[in-house]
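Trainee: Sequence:
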Amino acid sequence: MAERPAWTVRTAGPDDASALALVGAATFLDTFAGVIEGSAIVGHCAANHTAESYADLFAKGAQAWLGEAEGGAPVGYALIAEPDLAAALPGDVELKRIYSLSRFHGSGLGGALMSAAVAGAAEHDRLLLGVKADNHRAIAFYRKQGFDPLATRQFNVGGKLFDDLVLARPLS
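Counting in our numbering, the sequence shown runs from 31 upward without gaps.
Treat each hint with caution, since some may be false.
Claimed, not checked - Okay, the calculated beta carbon distance ranges per label pair: (1) H135 / A163: 15 to 23 angstroms; (2) E153 / A63: 12 to 20 angstroms; (3) D60 / D114: 35 to 43 angstroms.
To be verified - Listed next, the in silico DSS-like pairs over lysine-lysine satisfying Cα-Cα at most 30 angstroms (straight line): (4) K174 / K162; (5) K190 / K90; (6) K162 / K190; (7) K90 / K162.
I should point out that these hints are in silico values taken from the structure, not numbers from a laboratory.
Ideal Cβ positions, reconstructed from N, Cα and C, are used throughout, including at glycine.
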């Protein structure tokens, strides 16, 4: 039986923007290559997974947690920020991103990142997130973490619209 890869989770900050961008683009490509058109993936990552875009999120009050493999390589992260979802109510916060490299799936990293995000969001009423409506693996993970369907929306990936589910988890 293969040994599970070792990792740690720590609070991330503006100095980690490049690491978050690297993991964000790598995991988005890994998850959606062959599912979403390549030019849409490249456009999405060029706009949303840059060090500057993460620095901007931190400047607006985002919180993040970084998963690192032995030796310090970034392998996953979670990031919460003010919601921009139509279904959001006062007191809500959004889990904007929770990603891990596929090699670390099943290692417990996703659960540890979710626990960090939930703890970081504790002063809020609900934690919301959007997930591609046909990403069954992610939806199953979120349901196991206490999220329930709340609404639907369309999500723009590189100029192409996709159906998303909006899920919510009560925090109080």
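Trainee: When the structure is checked against the list of hints, which entries are broken? Sort them ascending.
Mentor: 2 and 3
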